[in-house]
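Colleague: One-letter residues, chain by chain:
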Amino acid sequence: MRYRYFPGCTLKGQAKSMEDTAMAAAAALGIELIELDEWQCCGAVYPLYEDELISLLSPVRTLAAAAGEPLVSLCSACHHVLKRAQELMQRNQDARHKVTDFLEVEYSGEGRVLHFLEVLRDDLGFDKLTEMIKKPLEGRKVAAYYGCLLLRPSKVMQFDDPENPTIMEDLLKTLGAEVVKSPYRTECCGAYLSVTEEGVASDTVARIIDSARQAGAEALITACPLCRYNLENCSREDGKEPIKVYYFSELLAEAMGLPGESTGADGSKEEVAQR
Amino acid sequence: MAERNTEQIEKIRDVVAQDLLSGRIDLLLGWEKGHYWWQSRPLFARSKKDLDKLVWDPFCAVNLSRYLPDELKIHSKVGVLVKGCDARAFNRLLQDHMVQRDRVVLYGLPCPGMLDYSRLAEEAGGNLVGLVEQNGRVILKTDSGEKEAERKDLLIEKCRDCLYPNPVVYDQMLFSPQGEKSAPERFKVVEELENLSAEERFAYWEKELSRCLRCYACRQACPYCSCRECFVEQENPRWQGRAYQTSENFMFHLVRAYHGAGRCIDCGECERACPVGIPLQELNRKLIKDINELYGDYEAGLDAELEPPLLTYRPDDPAAFSEK
Amino acid sequence: MPRIGIFICHCGSNIAGTVDIEKSIEAARGFPGVVHVDEYRYLCSELGQDLIKKAIEEHNLDRVVVGTCSPRMHEVTFRKAVTEAGLNPYLLEVANIREHCSWVHKDIEKATPKAIALLRAAAAKAALNDPLVAPSVEVEKRALVIGGGIAGIQAALDIAEAGYIVDVVEREPSIGGRMAQLEKTFPTLDCSACILTPKMVEVAQHPNVSLLTYSEVEEVKGFVGQFDVKIKQKARYVDPVKCTGCGICYEKCPAKTPSEFEMGLAKRKAIYVPFPQAVPNIPVIDRDACLYFRKGRCQICAQECPPQAIDYEQQDQIIERRYGAIIVATGFDQMNPSHYGEYGYGQHPDILTGLEFERLFNASGPTGGKVVRLSDGKPPKKVVFIQCVGSRDKARGMNYCSKICCMYTAKQAILLKEKVPDAKSYVFYIDVRTAGKGYEEFQRRAAEEYDVAYLRGQVGKIFPESDHLMVHGVDSLSGKTIEIKADMVVLAVASVARADAPEVGRLVGINSDSYNFFNEAHPKLKPVETHTAGIFIAGACQAPKDIPETVAQASAAAVKVVGLLSKDMLQGEACTAEVNQAECSGCLYCEAVCPYSAISPVEIEERYHGGTLKRTVVEVNPTLCHGCGSCTVVCRSGTINLKGFSNEQILAEVDAICLQR
Amino acid sequence: MIIATGKSSLIDEMKVQSGQNPAECYQCAKCSAACPVTAAMDLLPHQVIRYLQLGLEEDLLKSKTPWICASCFTCAARCPRDLDLARMMEGIRLSMLRRREGNKFGPADLTPEQLEKLPQQALVSGFRKYNK
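The listed protein sequences correspond, in order, to chains A, B, C and D.
Under the numbering used here, think of the first position of the first sequence as 101, with each following residue one higher.
Under the numbering used here, think of the first position of the second sequence as 5, with each following residue one higher.
Under the numbering used here, think of the first position of the third sequence as 8, with each following residue one higher.
Under the numbering used here, think of the first position of the fourth sequence as 20, with each following residue one higher.
None of these hints come from the bench; they were simulated from the model.
The reader is advised that the hints may include incorrect statements.
Straight line, CA to CA, 27 angstroms or less: simulated DSS-like cross-link-like pairs of lysine-lysine [as the list claims (entries may be wrong)]:
#1 C:Lys-389 x A:Lys-281
#2 D:Lys-123 x D:Lys-151
#3 D:Lys-136 x A:Lys-340
#4 A:Lys-198 x B:Lys-290
#5 A:Lys-198 x B:Lys-192
#6 D:Lys-34 x A:Lys-255
#7 D:Lys-136 x A:Lys-112
#8 B:Lys-145 x B:Lys-57
#9 D:Lys-151 x A:Lys-198
#10 C:Lys-385 x A:Lys-281
#11 B:Lys-81 x C:Lys-621
#12 D:Lys-136 x A:Lys-344
#13 C:Lys-574 x C:Lys-228
#14 B:Lys-293 x A:Lys-255
#15 A:Lys-234 x A:Lys-344
The following block holds chain A by itself, in its conformation from the complex (with noise of 0.2 angstroms):
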């Protein structure tokens, strides 16, 4: 299984352990990982005005450097902006004409852009992960996170039931943990507005921690930086044991038995492998 990797600006920084810990375990899965030789940041957030063709650039570029082979990225936010140019490359003609000529590249559209939790579900199959399995994350309580842009719009994303996901529980589960439902599983953390409205943030997280907590949740999981920064950071003081935050290769690793370490959102540094 060859891909094509897409890693975005924060998994080269705050979200290294993101990286490290899918890396390895894709390694060990038999899964190739290669970097695009050159690479730039996707542009955060995709363009949603018809003549934002700028803000196309970056990931079209990235989109034709994969050369119709599979693209695959960790963070939810550059998967999004991806399979949304794509999906306007391959619908609106007058557009594609215009970023590629300006780009001076041949793309129409074509490729398959892959989240890596789309690999492990659709390519390699939860049942094979099963058996690479050495440390089951037994008795650990864990509660999905999947937030928006992993999901919506359902239309074009078409990666999980928009409403109902299962794909993190299916991976949890097949890394042994307990699987918490929470409720608030889908809904938004504050995204960005944690960069000039911290307060509101701090609203959407705590709503999303007490339900997490409350149906049982001992650490939730996510596939987005700035997801676990906010749940991390925005939640407010209140008391009660916090719940700890992991991106899902961190588990993933963890469970596989590969060394690792993980990378809080403040920067400080745990071993998660020999937990």
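Starting from the structure of chain A, add chains B, C and D where the hints point.
Modeller: Chains B, C and D in isolation, oriented as in the chain A frame:
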């Protein structure tokens, strides 16, 4: 002279001769050399001896399926050599009930694309006397020496954007299939024409169609023209005026093109048959493109079981005025 | 050469005000074949018709053109007039110079040449008109009603009362349909069973009605007056003659399966009647649930049945009958709202659809008439009703309004308050639609007297939390977001066409709209007719509707059927397709596009090179042909012609308009 | 309140650029019911569409709501009219940014603490959304 592909021709002859002798077929439609070395014309072989004339070379462009309806009137079982386009033409005729599947034996010939003499001559420069093919390249022999060119640059127009070089229906495939093809420029000219204003477009077609002699060679070559009596020849009512006027030419070509909507297999025989070089395939392709856009992707002649989009009725066809 | 007479009507000033009659007459005299031209103030009057009749005699006319109003108005009148004068009615041609000319123009200078062109075209066509004869068809005096809900019951009763024989085919073991599932009916709160059951019994006992329950229509052939229908009567495995309806069999039956009648909220036995008031009161064995059929042992019902009515060997029967007319009354389904993930239907037992909630009120329903939560059996104290789930939703549901939900929600909120006095209802609505006698008053009573809170807005998501459902909604009037800790949520889901409606439509030969509801022939003036003569529709198979409207439509359909059956003979269509077989190439595309199966292939012999050759061409069955013209359009060589509208005639009209500007 | 002409170039531009027609909204307010960040809004999402329908450009320009929208697409996912409200919000934001020729937010607005803590993704997103 074109170098003969002796090995392939022998194989075809062996297979077909056996069927002719055993009575599996009583006629074979193939190709033989015409007046010039760069022409191959239909061969009607009834005996093993007739097969001596059989050729399979880069000039076998003529679509043989078109001869089936007539030959089936006098022969009980006919064998026919089919390239990609001949096979799709066969499906077309099958859908029109012009041929019966069990009375035809199809010998599949994956087609590398046929060569265009005028292009060869132009490329060669001098007096072209023969050619040799080598690994996708063509060596042109002239009085004054040899010249090499890319095969794909020498194809006849209809083969350039061919998507289906391999027969889509056959009883016996004689050689291993050609690789997948793509035709990114298939609708390029149509798109260019669509971008013109109505006046410009009219002027374009007026110029092209004014040359039409109404010899009806396009119709005779066409596998979708299967009417017993063509509308142009009907007296009562008289659809088509007899006068040689551009407006009457428009009447003929537009009505014919509409008769092909959803039925044209894009084989390009009409355009190849036209003695005055009218780009008829552009008309047909416009309708192919429209059908795809309006009714979803449909490629005529690929599958005889699939109903052409304009030739169906379903009780659950929604009434247009109550669309969601 | 034909002898054509042209008659131009003034229609008072309707035509004469905008068309110069004198000039038109002058022009008409010069048309080829025209030997007589006249005009009259009102040609449709007795005097006007006499004028035409006299002229036919005096001038020996063999074609008549009238320049008048639309043929939809008076073609029949003038055809009758020329027939009385001895001409074939199809030798008359109407030039519509009113709707097509005088009414749509103001300038007499421009309207007059247009009227002349229309007259010239009509004359050119008339010259080519042939005398035509419409075939006549005997009428079978028996009607078929498909569907035994309230629509089918009402229609059957009305037809039977008018003295005609009628069969009702119902696929369930009992008639009654959706109405039988309801507890009470708005706006009077009548008990549904109390008003429906007497009708069920009446139809079952009517001497002119045969009930074919547990039966389905398999095939419909033929045409108005003579539909040949095959009906499959499924094996009940119970002898209806011996069975006394005592109910011991289903009391003793050990096998259980979800009850369709209870929307799956309760179980029924493998041998069962769907509900206590079932008509006929004869159980059926569900093969898929029956232990004997599945595993070959049990037979308790056979052992226990006092009259020994159980017959495991019974087979499906095919009944073949001829009917003069058919009413389709196959009802509706509820949309399954599972794909609205935000509402969580199917994920939580206390999130119900309207019809499921309705069953909780019924004494014989899944909770014995107690309104309780299915999760813990406690009465719900806070119930949230959500309107327009799947209705008025072009993104994930149906674009239309389901029409009944506003009213039944108000009804259910009232009934809830009566059953659980300390319950509080919240209704999230977009618009409250209460058009109907007594409806608005009823809904207001819910809001004013039964303490139902109407919140103008929608629900974004329902979050199940411990023992309640957290409903996140909004009230757009106050601009406030709203959170309700609800005990139960009721979704007013869209009413949709039956899943197999397209199949039924194909079977009987009627078409549907894009939602699969059957199409009426005209949205205003032919509300119960379909495009297929002799087939009528009633009830919610046409569009969502409530009981009063359904009953009214059923009676209307019955009247149409009675009118049809009262005739001994029907006049068929004269303008049917005909094939020139010599030119037909036998491509058979006409057969593919014919909606009435009137075209079929036939083999002919013809001479070819001294010998004979067999080949396939088509022929048209004129009694099946409706003259729609689809075949003539698809025939590339113009080999099929529509009598009365032949290619030659149409081209003659076009030439007459274009060539002589 | 007197509704003037109802004509607004901002709204016309928004319609073209977002491909969304506010007239298709029938004000069921499901967007507002679904939105996770309404607490901080001065106009609820459905009210924003109402203002668009009425052409109340001036009032919209004063509203905080478009800047609170986090582009989470929940509204669009659940809208029964198949409207993409996230696009409309983006439309208002962008048109305002382009009009003012100034940014809503820039690097200078960040505290040193934020600069250190915030993930790159948040900064890029923020600049994209609030900055032109």
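Colleague: Of the numbered hints stated earlier in the document, which are not met by this structure?
Modeller: Checked against the structure, no hint fails, so every one of them is satisfied.
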